[in-house]
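Here the protein sequences come in this chain order: A and B. Each residue of the first sequence is one higher than the one before, counting from 1 in the UniProt record's numbering. Each residue of the second sequence is one higher than the one before, counting from 1 in the UniProt record's numbering.
In short, the hints are calculated from the structure, not lab data. Computed from a prediction, not measured in an experiment: that's the story for all the values here. Where a beta carbon is used, it is the ideal one built from N, C-alpha and C, also for glycine. Among the hints, a few may not be true.
[Unchecked claim] Subject to a maximum C-alpha distance of 27 Å in a straight line, what follows is the list of computed DSSO-like cross-link-like pairs (lysine-lysine):
(1) B:K12 / B:K36
(2) B:K118 / A:K100
(3) A:K401 / A:K431
(4) B:K36 / A:K314
(5) A:K405 / A:K431
(6) A:K401 / A:K307
[Stated by the list, open to error] Coverage of chain B stretches by chain A, computed from C-beta distances (three or more under 8 Å per stretch; other residues unrestricted):
(7) 1 to 7
(8) 12 to 24
(9) 49 to 56
[As the list claims (entries may be wrong)] A partial selection of chain A residues facing chain B, derived with a Cβ cut-off under 10 Å:
(10) F58
(11) K314
(12) T327
(13) R416
(14) N417
(15) A419
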Amino acid sequence: MEKSLDLINARIRDGSARVVTAEEMPGIVDELGEEGALAEVDVVTTGTFGAMCSTGAFFNFGHADPPIRMERVWLNDVEAYAGIAAVDAYLGATQEAESKDDLYGGAHVLEELVAGGTVELRATSHGTDCYPRRSITTELLLDDMNQAVMVNPRNAFQCYNAASNAADRTLNTYMGTLLPRCGNVSYSGAGTLSPLANDPGFRVIGSGVPIFLAGGEGMIVGEGTQHSAGGGFGNLMVSGDMKQMRQEFLRAAVMNGYGVTMYVGVGIPIPVLDTGIVRSTAVRDEDILTDIIDFGTPRRDRPSLAKVSYADLKSGSVEIGGETVRTSSLSSYRRARAVAQELKGWIEAGKMELALPTRRIDPAKRVRAMRETAVTPRVRDIMNRQVINITEDEEVRVAAKRLLKDEMNHLPVLDRNGALVGIITTYDVSKAVVTDGRLRQVKDIMTRNVIKTTPDEPVDVAAQKLEQNNISALPVVDAANRVVGILSAIDLGKLFGGRRRR
Amino acid sequence: MKLRLAFSRKGKTDPGREPVIARVVKETGVLINVEKANIDSMAGEVLIDVPDRDADLVRRCLEEMGVTVRAMENAVIRDEEECVDCGACISVCPQEVFSFDAEWRLCVSAERCVLCGKCIQACPHGALSQQG
């Protein structure tokens, strides 16, 4: 048997839809069997409430008179990204205030707005003909904004690694306080109630699907940044109108020694269309496994200390290497339940109808590590890109002028096609002057056997060329032998004091 | 019950120069558990745990010796508006002060607290504080 979404929506409209939370579903399936549960249940609601750093909102403040094209924007002294249209900005939850003594950040501003408080908007501009104003300070309520659209690039992780610490000192991490020598375990996620754990194949969770977001109606934009469902770490980009949100489900937080973050409530309704969905929504804490990762290893690939289920984690203690270690959650299961319950109420009351994805999310995608270029600096990182050239047919006098004007000691020499054919130095020019002016042209005095380097060459190798040839600069050429820069002994100084290009 | 003792060590006759805890144990016969002690050259602060029924007796005895005694009833205070029942405090506490009830509501057994302060730092919501 299968059930259509239209049938489910018709039942929602006439108030006869049977809606249960994901916590209730396993028991129903045990009692009625899969076919029975499919006949009985129309919608399963999920919920999670936990720290989601990747949270923020777009604002449109409206135009002032005279108008301003905001280039830098602060809300309660927390900088928002203003590299968009004139009176728009995006405030990220983890951005921290510039002057406050206590940790205060974007998350606090977002919570303040949702709670109905005023925030101070400060903006600056260089002033244009169309937007003459250069600065503005004003107090705003959420209601004063034309739009306040929450767009969270990475929310509602499918599951999350638990954390412990085998090192000898206490660590303050985004997973909370981790006591030394595996003194505790910290975990996050709602287990059986977790939205994506109830549809790991992304069959009905995808773009355009309506959701509960921080107390208001939102929707799924698509896969979240760093989505890695193939490895069990899928996540979602979600969006919603902040004006509908409530403080109960949007709370600023500070992780000691780490920084500001935001607790967000997310709930997704799952239409029970077939027995496949019955099975996936019957998931229990026991079925959801995660690794306890050792944060004592300060590397990207940290070792796993144990594999456990959410049932183990929620029991209050787990075994690591034969010892019992206490666990605690960072996310709130009580409030995750409140999310799923409220969403259930909305659907029972006909306040929200369901929709199928307008675009599917890839359930097999895996995240890749960052492509890192070599740790050792390359010539391109420190070379001087403003190269003064000369062509081989020019007079020596022109070369002398050019060297003087730019206070350079080296002048790469190009042929008519722009390829490097030689180099002259102030020494070469002086020598030409001394020899009675018989040598008139650059090509008469240039060094043709040029010692050169490439942008990709490690600086260490280039420095060795300078030293071994007793010279003080190397032209930097591309594959076509065109000069793209010059590396002088002076540039090597950029390696110290952090002045090299990144 | 937990009692917080404070005494001076400045003068030769100050209680901080005397073996006050040992003397109370000897005189009253009450078994005292010292949970935290911070004693320097000028003053001392000690947190002790005694059976509830003997608390008054111990208190009187200590006060006679010049020790200031304060009963710790709500050593750690939870702000219910700020708390979201996440449980980040549970596993960092050496005294098992925090736990969940059947409804995943955070429960605080403040009488077990030894004022180490770990939970206050670990709470992401600034919901925990220590009695003055």
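Hints violated by the structure (listed by number, smallest first)
Violated: hints 4, 6, 7, 8, 9, 10, 13, 14 and 15.
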